[in-house]
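Line by line, the protein sequences give chains B and U.
Take 0 as the starting number for the first sequence in numbering that gives the first Met the number 0 and just add one per residue.
Take 0 as the starting number for the second sequence in numbering that gives the first Met the number 0 and just add one per residue.
Among the clues, some could well be false.
[As the list claims (entries may be wrong)] In silico contact screen, one side only, chain B against chain U (beta carbon under 8 Å); selected entries:
1. Arg57
2. Pro58
3. Ser69
4. Trp102
5. Ala173
6. Ala224
7. Glu228
8. Lys229
For the record, the hints were derived by calculation from the structure and aren't laboratory data.
All C-beta atoms, glycine included, are put in the ideal place defined by N, C-alpha and C.
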Amino acid sequence: MATPPQRVTYEATVERIDELAPQTRSFVLRLPSTPRFTFRPGQFISCILPVGGDTIIRPYSIASDPEDPSRIEICLNLVPNGLGSHYLFSLALGAVVRFTGPWGTFVLDEPPHAECVFIADGAGIAPIRPMLRRALARATHRVRLHYAAAAAAHLLYAAEFEAAARTHALFSFAPLLHGSFLEEIMRRYVGADADRSRHFYICGVGEIVPQLRDLLRRSGYERRAVQYEKW
Amino acid sequence: MATLRVLFESGDPERVIEFDPQKAPFQHDGRPGSILDVLLAHGVPLEHACGGNCACTTCHVIVKSGFDKLSEAEENELDLLDKAPGLTPTSRLGCQAVVEDDVEITVVIPRFTINAA
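Chain U extracted, bound-state conformation (with noise of 0.2 Å):
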C-alpha cells in the first residue's frame, strides 16, 4: 500500500490516504494513479479547472517527501509549473505527478492556485 499525506496551507486539518498503486485510476480525472486521481476518489478537493489535463495550473501541489518517488514530470508539466504563482523546487501538478509503488508521499496543498499569470 502507498501512502498520501495531505498537508492543507489554509489550516484544515491533514489527511492520510492509504491505497494500492495498482488498483488505479480510482476515478476519472487526471493520469490514472496521480495524486488528483487519489485525492478525488477520497473526497478531498483539489481544483483541476481543465479537467486533470495538463493545461492549466490550478492542481499546483508542492511535495513536501517523496519527490523523488514520483513519476518523472515531462515537459508540458513544467512549462506550465513555470507560470504557477508560488512555485517551488518540488512543485507538481497533481494531474500529472503518478504515484507508482508502495511509497509514502507527502504533499501540501496552497492556499491559492491563482491560474492567470
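So that you can see chain B by itself, here it is in the shape it has in the complex (with noise of 0.2 Å):
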C-alpha cells in the first residue's frame, strides 16, 4: 500500500462568524499557538470535513493578512447543494475545524514596481484582500480595485475599501455593480493607452477569470503579469 503522504494538520477554533452579506459569512478561526501557522497573501487552506460520514476536502482562500499569527478569516457563499458551506454555516462559536495549507500560488508578497490593478468577482475578493493590503503598506505605484458584485449589499469589506481610498493617495477603488467587467476592463486598460507595463491579479469563479486573463495577454500585457484564480 502506497504511503500517503505527511502533512502538518491543523485544528482552528471558530472564534467569530460575521454576516457579511446575504448567504454570506466570514469566519474567523483562532489558531493553534503550535504547530505555527503562516502563510502569504493569496494563499488559501485546505479544509477537512466531516459530511455525511465520509470526509470531504474543500480549499478556502484566506481573506484576512498574515500579519496576524493567531487568526485567520475566511469567508465563503452558501453554495445550493455544497457539501462545505453548508457544513461551516452549520457550525457555532467553538467548533473546530481542521486544514492543511497554505496552499496555492496565486500570492503576492511585494508590489510590482508597476502599476497594480486588482480584479475580483463576488467571493472572488477574499484572496485579494490581503494582497490588496500588501500592496498598499508598500506601494510605490498606482494600486487599483476593481470589485463586481450582483449588488452592493454583496460587495464584501466595502467600507473598508472605500477607507482606503480616501486616505492612500494612490489607490482607488472601482466597484462593478452593473454592465460588463469585460468592456470594462477592455476600456480602462486595453482602448484607453497603450501603457502595458500593468500588473493584473484576478480572482473570481467560472469563466469570467480566463476571458479577462486571454483579453489582458492578447492585449498586449506580458502573460506572467496576468496572474489570476479561477474558482
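Both chains are given apart, each in its own frame, so use the hints to dock them into the complex.
Dropping the structure here:
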C-alpha cells in the first residue's frame, strides 16, 4: 500500500462568525500556537470536513493578513447543495475546523514596480483582500481595485476599501454593480492607452476569469504580469 | 480497458490499475476520468489541496509514457505547472489530465509536491 504523504494538520477554533452579505459569512478561526501556521497573501487553506460519514476536502482562501499569527479569516457563500459551505454554515462558535496548508501560488509578497490592478468577482475578493493590503502597505505605484458584485449589499469589505481609497493617495476603488466586467476592463486597460506595463491579479468564479486573462494577455500584457485564480 | 501504471519516487511499490475510461467519473474529485479521479478511486493517495479544481499544484505527476494520449493541457493548468517544483517537460496536474481512451499510461508521483512557489 502506498504511503500517504505526511502533512501537518492544524486544528483551529471558530472564534467569530459575521454575516457579511446575504448568504455570505466570514469565519474567523483562532489558530493553535503550535504548530505555528504562516502564509503568504493570496494563499488558501484546505479544510478537512466531516460530512455525512465521509471526509471532504474544500479549499478556502484566507481573507485576512498574515501579520496576525493568531487567527485567520475565511469567507464563503452558501452554495446550493454545497456540502462544504453547508457544513461550515452549521457550525457554532467554538467549533473545531481541521485544515492543511497554506496552499496556492496565487500570491503577492511585494507589490510590482508598476501599476497594480486587482480584479475581483464576487467572493473572489477573499484572497485579493490581503494581497491588496500588502500592496498598499508598500506601494510605490498606482493600485486599483475593480470589484464586481450582484448588488451593493454583496460587496464584501466595501467600507474598508472606500476608507483606504480616501486615505491612500495611490489607491482607487471601483465597484462594478452593473454592466460587463469584460467591457469595463477592456475600456480602461486595453482601449484607453498603449501602456502595457501594468500587473493584474484576478480572482473569481467561472469563465469570467480566463476571459479576462485572455483579453489582457492578447492585448499585449506580459503573460506573467497577468496572475489569476479561477474557482 | 485502459492501464495506468503508477511509480512512486518515494520508493513505494508500483501499482497497475486497469479501468474502463467510459465509466468515469470514479469518485468526486478532479475532472472525470483524470489521473486523480482514477488513483483516488483505486486507493492510491494523491494530494489535491484545492479539491481537484486546478487551483494548486499538489497533484503534480510526471508522465513517463503515454503523454500524447492524455487530454491536452489548458492554459490554466500550464500556468500552474510553471510554479510546480520539479517541473519536467512531461509534467501534468493529475486533476486535469484525462485518460480518454483504452491506452496505457505510466506516471511517477514525485516525492515532494511542495506547493508554495
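So, going through the hints one by one against the coordinates:
no.: 1; hint: Arg57; result: holds (6 Å)
no.: 2; hint: Pro58; result: holds (4 Å)
no.: 3; hint: Ser69; result: violated (21 Å)
no.: 4; hint: Trp102; result: holds (4 Å)
no.: 5; hint: Ala173; result: violated (26 Å)
no.: 6; hint: Ala224; result: violated (12 Å)
no.: 7; hint: Glu228; result: holds (6 Å)
no.: 8; hint: Lys229; result: holds (6 Å)
Violation of the numbered hints given earlier is confined to hints 3, 5, 6; the remaining hints are satisfied by the structure.
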